[in-house]
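2 protein chains.
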Amino acid sequence: MGKTKGRVTLPSESNFLEETKDLLERWGADAIRDSDGTKLSDDIKSLDAKIYTTYFVSRNHNEFIEKHMDECQQIYLMSEYTLATSNSIEVNFSASYYDQQVKVDYNHDPKVWWEVIDRTTNEVVPAENWDYDKEKNIVKIDNCEKFHEYTVTFLAYVIWDPTQMYNHITNNWGDVPHDIPFDVRKPNSNKYIFEYMSKWLKENPDTDVVRFTTFFYHFTLIFNNLAKEKFVDWCGYGASVSTEAILAFEEEYGYRLRPEVFVQNGYYNSTFCVPTKEYLDYIDFQQRFVSSTAKDLVKLVHEAGKEAMMFLGDNWIGTEPYGKYFADIELDAVVGSVGGGATLRLISDIPGVKYHEGRFLPYFFPDVFHEGNDPTIEAIDNWLSARRAIMRKPIDRIGYGGYPSLAYKFPKFVDYIEKTCDEFRNIYETIHNVTPYSGLKVAILNSWGKLRSWHTYMVAHALYCKQIYSYNGMLEALSGASVDVSFISFDEVKENGVPEGIDVIINAGDAYTAFSGGDVWKDPEFVSIIREWIYNGGGFVGVGEPTAVENGGHFFQLADAFGVDKELGFTLHTDKYFNTEVESHFITEDKVEDYDFGEGMKNIYATKASTQIIAYSDGEVNISTNDYGKGRCVYIAGLPYSQQNTRILMRSLYYSANKESEFKKWYADNLYCEVHAYPSIKKYAILNNTNMEQSTNVYDGEGNKASITLEPGEIKWMVM
Amino acid sequence: MGKTKGRVTLPSESNFLEETKDLLERWGADAIRDSDGTKLSDDIKSLDAKIYTTYFVSRNHNEFIEKHMDECQQIYLMSEYTLATSNSIEVNFSASYYDQQVKVDYNHDPKVWWEVIDRTTNEVVPAENWDYDKEKNIVKIDNCEKFHEYTVTFLAYVIWDPTQMYNHITNNWGDVPHDIPFDVRKPNSNKYIFEYMSKWLKENPDTDVVRFTTFFYHFTLIFNNLAKEKFVDWCGYGASVSTEAILAFEEEYGYRLRPEVFVQNGYYNSTFCVPTKEYLDYIDFQQRFVSSTAKDLVKLVHEAGKEAMMFLGDNWIGTEPYGKYFADIELDAVVGSVGGGATLRLISDIPGVKYHEGRFLPYFFPDVFHEGNDPTIEAIDNWLSARRAIMRKPIDRIGYGGYPSLAYKFPKFVDYIEKTCDEFRNIYETIHNVTPYSGLKVAILNSWGKLRSWHTYMVAHALYCKQIYSYNGMLEALSGASVDVSFISFDEVKENGVPEGIDVIINAGDAYTAFSGGDVWKDPEFVSIIREWIYNGGGFVGVGEPTAVENGGHFFQLADAFGVDKELGFTLHTDKYFNTEVESHFITEDKVEDYDFGEGMKNIYATKASTQIIAYSDGEVNISTNDYGKGRCVYIAGLPYSQQNTRILMRSLYYSANKESEFKKWYADNLYCEVHAYPSIKKYAILNNTNMEQSTNVYDGEGNKASITLEPGEIKWMVM
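From first to last, the protein sequence lines stand for chains A and B.
Position 531, counted from 1, in the first sequence is what numbering that gives the first Met the number 0 calls 530; the numbers after and before it change by one each time, with no gaps.
Position 411, counted from 1, in the second sequence is what numbering that gives the first Met the number 0 calls 410; the numbers after and before it change by one each time, with no gaps.
All clues stand as given, with none of them false.
Keeping only pairs whose Cα atoms sit at most 30 Å apart, straight-line, the calculated DSSO-like set for lysine-lysine is:
| id | chain 1 | residue 1 | chain 2 | residue 2 |
| --- | --- | --- | --- | --- |
| 1 | B | LYS110 | A | LYS521 |
| 2 | A | LYS465 | B | LYS590 |
| 3 | A | LYS664 | A | LYS590 |
To be clear, the hints were calculated from the coordinates, so they are not data collected in a lab.
Given the sequences, and given the hints that come with them, work out the whole structure.
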């Protein structure tokens, strides 16, 4: 592998010119970027590299918004629950919020725009039964039902951009002014963003790439009265609402969005809630507005001869790249953070842009780059997990963040990144226009479908969460596996049936969440479509509580197809006889470690003699399979990410698709290795996904088997 | 403790006269009983002891029923689910049942009495869309919706008494005739039972006690086509149904009971299902019929100068002793099996009879009484767990079952039982008319209330079940604790509020079951009653998933009172800050072992800063408490029975009742010991509940503390 150049972006730093030159050379970098709060110095800008400049559209312009405070962004917030211990109560409704972030909006008549709800009956309290005190931020409710709980949903202005607020508080920025976000749906703001962009483009001739961070509305991120995070949803539309939006929506859709559509019992449309029709309508409505406005900004960038790049996150609401209108924006590029395979695919699969850039870990910050720590460990782990996904669909560029001066003090790290950059370019040049071999077409079925591609179970970006890792592992496993993955929604299937060509559907999630699906499984037409599809030969893999909603004597509505169900208590009196594991099974043939089902699932039992129980412990089925007509179902209790679980999942997919015979077509029998094949260029690669030496038999597509030993992390290219 | 006599019943055996005399003498027995299938010989009958004779009312009379096969008992059964893969399907509806137990009833028009249900839509299929084939036991359904699932609910005759069937199959009785049960609601049967009883009473002058085993209808116990148990519910009314009963019910109540009322999605009204109004109506209807008919039989017994005793179980449906009409029967006694403290209280608390008898373990059968095994171990365990309960409410007699000749071969066992019988009589004589000291009044709140006293979570009598032991332990703990325990239903509270004088309510069970309550917690009036009661100073202890039903932003409808809730996914985006255990707490002050929450409960988190987290592990709250007005709530994830968990529960009760200061009134600080006080007779007893020596400080009611050492299993009586 010779020395190559390009496809790498470096972060900048003042007084670091010579070292920057050295890093540019060694890592083959061809672009330099600034960061939030830093500016590139002229000497850096003069280097032989593209210059990325961060651009904020709807914040970091306090000189404008301070003159138009009525154009601040708005949000619906819910008070804490208040128990009525008498017939009249006072609710200090904004007490649990951070007053530096949000400010109660009394400009719009609370009696019209707010909602007081009896949460014990779920009824709205008539406006004549409550009143408000502007000075004290108190709502007084009369004629209460004693011992019912009440909430007040109020409209507030957001007066501090959440990302800047987070950085400000975390890094103790002290008297740095608070960026006030403004709403481009409002007239002065809308006018301002275009005028400023035109001016800025003229004033920044050195900028090659305008890095939008991001557009108009931040994902929902609300702090509490102690200045700590209270609610965060990377996909939340809460902070995109405004009285203008609600009125425009009403004009177009013919109905008014209640405050409850946004606060939803305090769930705030968590991605884990099955989305309501109203919320889906609102998302579509905002995506159209946001993408058309963003498109106009991007047009200005292009007219100035520059490229437009979007950061994946922050103020990205309405521009989620798997949304219907994203491609219309005509962005040149998207850049995002890479935590592993799934987040890499989240970037690299984005349609409608010319190139995709991934920011790799670790960031060059002192938490990792300090004496006594070896940052190479995290770098290796990050690269090996992302590389599998790159083999399926490469990003076009890689990059790093933080202070390069810190990284420069760790020569072993600099060496490893040098090697990584070369390895990346080598992979990219070999396969970036090549379709990899896929053994199966797999569709992940949930309420969100394509919109939440690869970030399906995300709570906050890349955040570990006890309730999601047992599902997220399934995505991570698939991100670098030799299968085509698509994401489909229940609504699509209801409308058009299961898309042509799908071999296996996966439904994975906790009961009643958007990922399992809840009530959709009570819809006879929908459930019949799925049953018929499986019965005629489809594969169906369920993880956790798939298809779950108590109805008609089943909890899993596909209990009959799975051959397993979950005991809720109602069938405790029914004897359960099927609890014997099969002696061996295709799905677990090459298991080498103990099972790990993560959080697992309690009380799963086999309902049929035909059910093959593959793993059983503590009186519960962990893995099983059942034939259903010509189709097959597989049940798995949980799938945290591991290389063994990746193998178990892959085998489950092939087994459920009735394609076991094709499983070893391109295959390494050591499960810590994987084979990626590119028949059109007659090449294949064998990957060691660990940082230890591995030996494996490798099967090529012709049925030949050869033994091979790979160095730690090695990728070996072979010619067919 | 001197030698005493009486209050003990021996089982009989042929050719065992001398040894029986010896056992009578040593154990002080004063009664002898026969068993199912055995008869007492004349020499045994002539001993100085009361004679109990087993009597079967509605089975074991084949000479009668074979002439009236249309008076067999009936039952509604549901076919397996059948998937419609075409528009017309055939359902072999009785295929999964045992044809020696049940026989399809074609005498009553299937089109009128059966139900074919589309389980995908939950709609009844019109009778014109299906027909049946008597020869093949097949229902053909036309105009099916493809890929919907269908079931056939059919009426069948029960042609083999389940208890006799179970014994017959288990013991290979071969050509012993099958007891055919008959239905005393039908004319010939009703006439027969009285005629036969009168005749039998005349023919059995030696009998002192007629031991009814039992009355008319067996609890639901259905076998499958492999002659194995398919469904068992110790409290199930399924086998009490008949066309006559349904018609009489309709006449009285003005509405017809659908077959679905009985099969209920295949749940068959499992005790774990929240009972429907129809099912509760039916229970009341049958209890009235059964108790009035039983009363007439008992009258005959009394007229013959004998006593009437009921066995607790088998054909006991309609005579459950905590039912409203049980006392009307005017039975003299109830006898039942004692598995521990809760099953002892199940017997000893029964109202409306003169005496209560408990059959202790182990049975004198070869599974325990064989060479190399020490039956004393089980006997000690059984006695020590039951003795705590006896100290609260003694049964009046104890007894044993099986073959005394087997027991006689184990002298150590015979010695231990001799000692036990003396100990029992001594306790009984001391306290049987004395009210023990109770520190608190505790009510267990669920759908069933009093009717399921002490056998609340029972699936089949004393059967271990993974899904119940974490709740059942709470009952076992209470059975021998110094608190007054009552069982109340949601309906009672809705009607009359929380009964006067209750200190603490316990709600314990899995979500949506009859024990947690499900939808009742959505009833604003009901939930307000409970909230107000707690707020004004009541204690509320929740175990598992108390008050759980997703509504208004809570899963636990008392989340606000508990200060904890369960994460279902909908609030994953909301930060959870409260996860720090308090340093020490009254509730766990004397913990000496590791915690054991049994099955525990996942995803419980604290919702409030005021929540005191007492035990926290793996990211989940296990024990916590929260103040709510003047009241207090305690949450516990699970309570399998142990002496430590008994102490944790007792402390939780006192804490939630705001009576910590009274906790040590009568108290042993070693949790393996307990103190029971009887102020009216100025005595108290200190129990060592283990089979090891224990030392403890004992607090008497006056605040005096003394140190004491107890022999294994010792009970020490003290004078105040």
